[in-house]
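Trainee: Below are the chains, spelled out letter by letter.
2 protein chains.
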Amino acid sequence: MRIVDWKDSEGEAYLEALQKRQQATNREIEVKVRDLLEEVKEKGNLAVIEMTAIYDKARLTEETMKVSSVEIEEAVSQVDKAYLKAIRRAQEKISRFHERQRQLSWFENPEPGVTLGQKVTPLDCVGIYVPGGTAAYPSSVLMNAVPAKVAGVERIVMTTPPDQEGKVNPVILAAAYIAGVDEIYKIGGAQAIGAMAFGTATVPKVDKITGPGNQYVATAKKMVYGQVDIDMIAGPSEILVIADEKADPAYIAADLLSQAEHDQLSSAICITTNRLVAEKVLKQLERQLEKLERQAIARKSMENYGGIWVVDSLEKAVSISNRLAPEHLELCVEKPFELLEKIKHAGAIFMGHYSPEPLGDYIAGPNHVLPTEGTARFYSPLSVEDFVKKSSIISYTREAMEKVADDVILMAEKEGLPAHGQAIRIRRR
Amino acid sequence: MRIVDWKDSEGEAYLEALQKRQQATNREIEVKVRDLLEEVKEKGNLAVIEMTAIYDKARLTEETMKVSSVEIEEAVSQVDKAYLKAIRRAQEKISRFHERQRQLSWFENPEPGVTLGQKVTPLDCVGIYVPGGTAAYPSSVLMNAVPAKVAGVERIVMTTPPDQEGKVNPVILAAAYIAGVDEIYKIGGAQAIGAMAFGTATVPKVDKITGPGNQYVATAKKMVYGQVDIDMIAGPSEILVIADEKADPAYIAADLLSQAEHDQLSSAICITTNRLVAEKVLKQLERQLEKLERQAIARKSMENYGGIWVVDSLEKAVSISNRLAPEHLELCVEKPFELLEKIKHAGAIFMGHYSPEPLGDYIAGPNHVLPTEGTARFYSPLSVEDFVKKSSIISYTREAMEKVADDVILMAEKEGLPAHGQAIRIRRR
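Protein chains in written order, with the working numbering: chain H, 1205 to 1633; chain X, 1205 to 1633.
Just so you know, not all the hints are guaranteed correct.
For chains that are exact copies, the list does not tell them apart, and a pair is met inside one copy or across any two.
[Claimed, not checked] Okay, derived cross-link-like pairs now, BS3-like style, lysine-lysine, Cα gap no bigger than 30 Å in a straight line:
id	residue 1	residue 2
1	Lys1426	Lys1224
2	Lys1289	Lys1495
3	Lys1409	Lys1450
4	Lys1548	Lys1426
5	Lys1495	Lys1520
6	Lys1211	Lys1247
7	Lys1289	Lys1224
Hints were generated in silico from the structure; no laboratory data involved.
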């Protein structure tokens, strides 16, 4: 790692490299996933049970595939009480924030005899994928299930791979229970995505699939997209810290490392207007890295995709940030709200010196499912809006229709669609 | 065509056939489009000019690729005055409706020292594809450009193929001018999608591409999805009319044919509680078909994907409608607003006897870009929301952070991400 005086030419090259870091799609995985999905589509439960035996080394039956209420009760009683309370408090705060995102159906009467409107309806059935493996992420269960619950989705389904004994991590079950998930199935990988996209005798066909997963899961989600809706495919984690001369280098280093520890492909960058701050951040990084449990990962990530860049103004820092469109943006500056207006693209924005990014991962309330790899240019955080859809309402009286009839007939005929005009004309008799 | 007494078993088979009617993806087209996109990505304008010479038989240069302001003025002066006025009135009504969809940024202070919020920002740059060919659809220009304009998008780009003289249909240019499109390029097909997705020396790289197109355009949109956002890929048009004993069979037949004339793959279905109405609709269909300009298309569509179904209650009709999730739904019943609550999935809902579907295509105000092929289960009409994105805002004071610190540290450590906890811990010193 070294400190870089930002030059536009150099910067462009870096930004390009950053955005390319996970674009290679693996053809082999694609072929394999396509086969798995086909099999689940054709053979349903049978295929799912077979694949779970192969990939998860767990024996399921149609009866044990679904997590029972006894298993959930057991799980809840097994989880550390303090941890359970923290999860509950997080759930409350996440719910409260997402309640603000609810939209109402509306009607208007723009002209006599005309009623127009927009009807908001929750999705019927949603599927959440939760990865298995050694680390369990109850926060991810909450962040996916709570917005669906707040939206009013009636049937929230979850799938997660079982261990070799056919069990699911109790913390995952407890979080699902707290979040209000209705059904949980012990299925992982591409077969879980297939089961939810096509439905089986046991697993319902869902309308939308959300949640993180490995490359098999991500590929399967892309392939079923269109048949069902999906959330965005998450890339590696990113943080950008904009720091002025008052920012605390130790805080900044800690925040950078909190993203760098995720993954070797994570990107953690500090842009500062102050060279002394830059130098101190560099020193702090070295010092803190040494004590880090996940040092090897964090070091690789910082070396490949990290950076400390010195610029001559906060405006320049913001303009680079807008080029990056980072997943997480920290404004470690004296007056963060004064910079906010200039920020155009970012998944979540953390204001000031005491709003470190991990607050947003767990407990602040806003969703931690955020657009990555520059897609904050056009994507939003996961929200209640992802779990509803709208229908337009159009109601005219005969008199109101008469008033616009000529325009519609003319436009239809000019577009070469005379039967469209005829539907109006026939009502004028 | 015959009248069918609805039975669930028969119905399921029909619904399945309907939903499968355009799922075959063409591998040959995929391979070709992939090559075209690669070439545009690599060679930019050169590739675009070459492809336009081959596919549109038009000679362009870097200078003539962009429609000039003189060309736009000429076009506006060429269009029939009455038509221009109708387009202007449509633009006003579409704008007025879409204004209601604007969302505001919001902030809240849920606890002392905590400020949370959601910032709404328009997309920077949007690209609209407009097909060429014999029929020009200015309504489609309005329906795509107006929501972007209302959303506050600063740069709205349009591409549309030129004719052999290198000209664009004047009505398209006039509609673009009225809708407030900023730049228009004479490029069509997959090469237009590539130019907008990757950018060339002349065409800007956009954040989102919307608009209809042939299979090449649709395939190209799917392929660039993720790099840029896209709207949904539209399938063939659909209408479902729910009619009671008071409904006018002549109106219903006209409305069915207004969709059937679009395309041989269009689907037009009437579900009625009254056998006499069914019989009269059938007779009206025959009578009206004979006078129809686009009779051949409409007849094929009605034969393959049309239907007149008799059911024993409006509830049953609604439940079939919810299974279909139609693009357009007409409630030709005495009290349409009483049925509305039960409608779960539909793109646009037309209420009563004087709200025929073509009103919505042209002038009512709501968008005519609607989810097809059952995707109204999870997709919404094109709207202002498609042209903005959101950022979450998180701001804590030191004291507020202290209050949640234990929970965040605990949750981070339990999830195996200690550096996340460290970012909090370091601020507690």
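Trainee: Taking the hints in turn, state whether each one holds.
Mentor: Status of each hint after checking the structure:
no.	hint	result
1	Lys1426 <-> Lys1224	both (19 Å within a copy, 19 Å between copies)
2	Lys1289 <-> Lys1495	within (29 Å within a copy, 72 Å between copies)
3	Lys1409 <-> Lys1450	neither (54 Å within a copy, 37 Å between copies)
4	Lys1548 <-> Lys1426	both (28 Å within a copy, 26 Å between copies)
5	Lys1495 <-> Lys1520	neither (33 Å within a copy, 66 Å between copies)
6	Lys1211 <-> Lys1247	between (57 Å within a copy, 27 Å between copies)
7	Lys1289 <-> Lys1224	neither (41 Å within a copy, 48 Å between copies)
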